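A.B. asks: Listed here are the chains, written in short residue letters.
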Amino acid sequence: MTDQGIGASVKRKEDLRFITGKGQYVDDINRHGQTYAVFVRSPVAHATIKSIDTAAAMDAPGVVGVFTGADLAADKIGGLICGWMIHSKDGTPMKAGAHPALAVGKVRYVGDHVAVVIADTLDQAKDAAALVDVDYDVHDAVVDLGKSQAAGQPQIHDEAPNNTVYQWHLGDKDATDAAFAKAAHVTKLDIVNNRLIPNAMEPRAAIGDYDTGQEQFTLYTTSQNPHVARLVLSAFIGIAPEHKLRVIAPDVGGGFGSKIFIYAEETVCVWAAKKVGRPVKWTADRGEAFLADAHGRDHLTTAELALDAGGNVLALRAKTKANLGAYLSTFASSVPTYLYAPLLSGQYMIPAIYCEVDGVYTTTAPVDAYRGAGRPEATYVVERLIEVAARETGRDPAEFRRQNFIKSFPYQTPVIMAYDVGDYAACLDKALAMADYKGFGERKAASAKAGKLRGLGFSAYIEACGIAPSRAVGSLGAGVGLWESAEIRVNPVGTIEVLTGSHSHGQGHETTFAQVIASKLGVPIDQVSIVHGDTDKVQMGMGTYGSRSGAVGASAIVKAAEKIVIKGKRVAAACMEVPEDSVDFENGEFLGRGTNKKMTFGEVALQAYVAHKFDPELIEPGLKEGSFYDPKNFTFPSGVHIAEIEIDAETGKTRIDRWTAVDDFGILINPMIVEGQIHGGIAQGIGQALLEHTVYDENGQLVTGSYMDYAMPRADDLPSYNVAMSNTPCPSNPLGVKGCGEAGAIAAPAALMNAITNALGHEDITMPATPQAVWRAIQKMPRKMAAE
Amino acid sequence: MIKISLTANGRKVTADIDPRTLLVDFLRTNLRLTGTHVGCDTSQCGACTVHLNGRSVKACAVLAASCDGAEVVTIEGLAKGDKLHPMQEAFREHHALQCGFCTPGMIMAAVDIVNRKGAGVDEKTIREELEGNICRCTGYHNIVRAVETGAAAMAGAKIAAE
Ligand code: FES
Ligand code: FES
Numbered sequence: 001m002t003d004q005g006i007g008a009s010v011k012r013k014e015d016l017r018f019i020t021g022k023g024q025y026v027d028d029i030n031r032h033g034q035t036y037a038v039f040v041r042s043p044v045a046h047a048t049i050k051s052i053d054t055a056a057a058m059d060a061p062g063v064v065g066v067f068t069g070a071d072l073a074a075d076k077i078g079g080l081i082c083g084w085m086i087h088s089k090d091g092t093p094m095k096a097g098a099h100p101a102l103a104v105g106k107v108r109y110v111g112d113h114v115a116v117v118i119a120d121t122l123d124q125a126k127d128a129a130a131l132v133d134v135d136y137d138v139h140d141a142v143v144d145l146g147k148s149q150a151a152g153q154p155q156i157h158d159e160a161p162n163n164t165v166y167q168w169h170l171g172d173k174d175a176t177d178a179a180f181a182k183a184a185h186v187t188k189l190d191i192v193n194n195r196l197i198p199n200a201m202e203p204r205a206a207i208g209d210y211d212t213g214q215e216q217f218t219l220y221t222t223s224q225n226p227h228v229a230r231l232v233l234s235a236f237i238g239i240a241p242e243h244k245l246r247v248i249a250p251d252v253g254g255g256f257g258s259k260i261f262i263y264a265e266e267t268v269c270v271w272a273a274k275k276v277g278r279p280v281k282w283t284a285d286r287g288e289a290f291l292a293d294a295h296g297r298d299h300l301t302t303a304e305l306a307l308d309a310g311g312n313v314l315a316l317r318a319k320t321k322a323n324l325g326a327y328l329s330t331f332a333s334s335v336p337t338y339l340y341a342p343l344l345s346g347q348y349m350i351p352a353i354y355c356e357v358d359g360v361y362t363t364t365a366p367v368d369a370y371r372g373a374g375r376p377e378a379t380y381v382v383e384r385l386i387e388v389a390a391r392e393t394g395r396d397p398a399e400f401r402r403q404n405f406i407k408s409f410p411y412q413t414p415v416i417m418a419y420d421v422g423d424y425a426a427c428l429d430k431a432l433a434m435a436d437y438k439g440f441g442e443r444k445a446a447s448a449k450a451g452k453l454r455g456l457g458f459s460a461y462i463e464a465c466g467i468a469p470s471r472a473v474g475s476l477g478a479g480v481g482l483w484e485s486a487e488i489r490v491n492p493v494g495t496i497e498v499l500t501g502s503h504s505h506g507q508g509h510e511t512t513f514a515q516v517i518a519s520k521l522g523v524p525i526d527q528v529s530i531v532h533g534d535t536d537k538v539q540m541g542m543g544t545y546g547s548r549s550g551a552v553g554a555s556a557i558v559k560a561a562e563k564i565v566i567k568g569k570r571v572a573a574a575c576m577e578v579p580e581d582s583v584d585f586e587n588g589e590f591l592g593r594g595t596n597k598k599m600t601f602g603e604v605a606l607q608a609y610v611a612h613k614f615d616p617e618l619i620e621p622g623l624k625e626g627s628f629y630d631p632k633n634f635t636f637p638s639g640v641h642i643a644e645i646e647i648d649a650e651t652g653k654t655r656i657d658r659w660t661a662v663d664d665f666g667i668l669i670n671p672m673i674v675e676g677q678i679h680g681g682i683a684q685g686i687g688q689a690l691l692e693h694t695v696y697d698e699n700g701q702l703v704t705g706s707y708m709d710y711a712m713p714r715a716d717d718l719p720s721y722n723v724a725m726s727n728t729p730c731p732s733n734p735l736g737v738k739g740c741g742e743a744g745a746i747a748a749p750a751a752l753m754n755a756i757t758n759a760l761g762h763e764d765i766t767m768p769a770t771p772q773a774v775w776r777a778i779q780k781m782p783r784k785m786a787a788e
Numbered sequence: 001m002i003k004i005s006l007t008a009n010g011r012k013v014t015a016d017i018d019p020r021t022l023l024v025d026f027l028r029t030n031l032r033l034t035g036t037h038v039g040c041d042t043s044q045c046g047a048c049t050v051h052l053n054g055r056s057v058k059a060c061a062v063l064a065a066s067c068d069g070a071e072v073v074t075i076e077g078l079a080k081g082d083k084l085h086p087m088q089e090a091f092r093e094h095h096a097l098q099c100g101f102c103t104p105g106m107i108m109a110a111v112d113i114v115n116r117k118g119a120g121v122d123e124k125t126i127r128e129e130l131e132g133n134i135c136r137c138t139g140y141h142n143i144v145r146a147v148e149t150g151a152a153a154m155a156g157a158k159i160a161a162e
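Sequence order for the protein chains is A and B. Oh and the first sequence: position 643 is 643 in the working numbering, straight run, nothing missing. Oh and the second sequence: position 103 is 103 in the working numbering, straight run, nothing missing.
The set of hints was computed from the structure by calculation and includes no laboratory data. Nothing here was measured: the structure is a model prediction, and the numbers come from that model.
Sample of chain B residues at the chain A side, in silico, Cβ under 7 Å: (1) T34; (2) T42; (3) Q44; (4) H95; (5) L97; (6) Q98; (7) G100; (8) T103; (9) I134; (10) G139.
Backbone N, C-alpha and C define an ideal beta-carbon position, used for all residues, glycine too.
Work the whole structure out from these sequences, hints included.
C.D. replies: As structure tokens, then:
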């Protein structure tokens, strides 16, 4: 079975339906008698709603319902929640304003939900939506993150004075300040982490359905975590108790974080299905996705690194303003705090770290987790500081890193994390060789001859994923546990269904989870089905984000498989008439040790159900086991990415000449899929560094609201990648795996900006390094270098 | 309402439609061919790519009414029965899809690229030609490999058929 089990680059089982057009995404589903919902959205960034007149819309052809926030409130439907409590440094809980699914009293960003119009056809709903008359008393927008907390700025929520949600900190301030006081060198940078719009290619969609006879709601939704959606919609928003609400997330076309959250639209669709007595369908158009999907990143940071005279890092200090947007999205509060500052030790021995973060409201779309969520921001801070410190002190950036690398494990950082394993120098050495670092000088000289500027930059990232030990995150404010569940149902013929609380929206779980079963139970992968994404089938689960499905989801499957083997051995022992403790399980066969008796897995499954050969007082019939797995620790993938670029000094255009990635992901279940995850992550990281930028004008209008204005990475913007692994198995989970889903997006921006600033010879440029930005930066180059 | 007749994946279909109906909506809603996707509203993403009279088009930028008498092939019509098109095979072989949402459009575009540029189409040309198809998952690396392989396989299949 090794050709299919853990470690094999098996072709994906799910691909056949996708390459033949047979995928089933939410928008491909239609319910009998369905209606169509269109949301009336705020055209202004900040206003008091004086009145909403829905009469004309109500009278329009085909309209079956028009609802506002008042209707939700009348039905006691609660607001959307933020599930992570952050306390400020003075001990006070974060100051969050209400987040109604349809606005009550005020609108706070362009795209905010004011009303919903539901009609027989989509066109009728659109036409009627235009007839909803909203009278706004418009206030000034608050768009500039740097100024939003200043006195005199318009207040977005009464609950949050100075638009400040929290002023949080982590680390030892006094120790850090003391280290800075005795530093031989201090590197200081002002860092912008640009705001991104996730842009999964499938727009969000929802269908709400209500069965009057059963008093049962069903929600089809583009979710990364249908059980979390059900929990929130039931327990907090109050749609229906959990046993009366089924949430189905079928094929989902990418998420990258943006489909974790419980949004207004699905809340309204499922609630309204009962109101209008028919299914209610909504599919975002791309413009709505730009306006109202949760955005990512958006930090302003001042960061400093202290070195001693020998080039040893003494301390790191950072002060960050994080834009949370107009409302707190589902996990927004945790992203710039516990998913960010605990990563500021990077791969380095840094004795003292102190970080302060202000979480701030602005009149822009909510900001929440986007691929990497906090760790790209941390890596960008650390790896820019390290690179610039090496430059300022005349050290080779590779050797400076090596000198400061953590070299023995486990390693307790000063900012919560206990790294379990790694070999950072091994990744670095491999990456240096693959990138031909030695030959860079010659290549740079050759480029200079051709009038081009060549640069090389490193990013030695670390990230914490496989989220997360429940007790640990609970102590930090999380409102949920972050275990995962699995149930293995062995059929009487030996085929298997695995029910998992993880959700696949591109990750390939139908293949990788089946590979785990092949390794653990010896059953070929075509006899294994992975069932996910339906709360009526899978009892409970926490879903897929934070690169957790291998480390947590697959570990739960391993635990359940171990129980299957234990039960199988008991059944086999009874059937073979040998002692239970003398049965071994190898390669899908139960063997009577010291005898020539054996049974295949399928034979044992059949006997478990036939139940003729064992005493039911001692062994229950059937073969089905479940597990809830709670991880011991995060996993800590790490690696070294090296970007080498060439800039056309005339146009400012950056060409990526070569991209080297050496990552440590522990044990790989399917190397082909892992490489695919790395490719995709790097592409998003390059997108952030070179192309993508979210711009609101001073009135809070989203300027970059379509693919004409928001530069998505396309095939001709990107290179092929040179990817390799240097793995140390993770000791914290039974598979030895680490998460690989976000690493590329975490590593890439720093590598690229380090390469570009290396080519420019100065640090005065922020992401995205568009040709215009690079061209401007070239004009600021020291004259000698530019002429070279 | 106007009446149109066209051939979709080899099947003759006739329908009365609103003259404003886009080809992509006609395919998805009237013919229930939901393999053709909608990823944007500005004709930028290519998720809706189909073949119209043998050439790839963005079905969100074509009025169904203008397709009267035309031959349309969607992702559902690319395989010959159970036999996948070489480009479909190549996408699976090279792990050129993750979430699969862009994939139908990518494959339809890729087949057209090879039809126009030939079996020896190089990486640079493939990347330029795929400019109108956005994938957020794969970073394009494996898509490029798949198109290279698919191109060679299409040429092989053509020779074998001759
Ligand atoms: S849907 Fe046609 S190009 Fe995006
Ligand atoms: S595979 Fe997901 S968008 Fe291309």
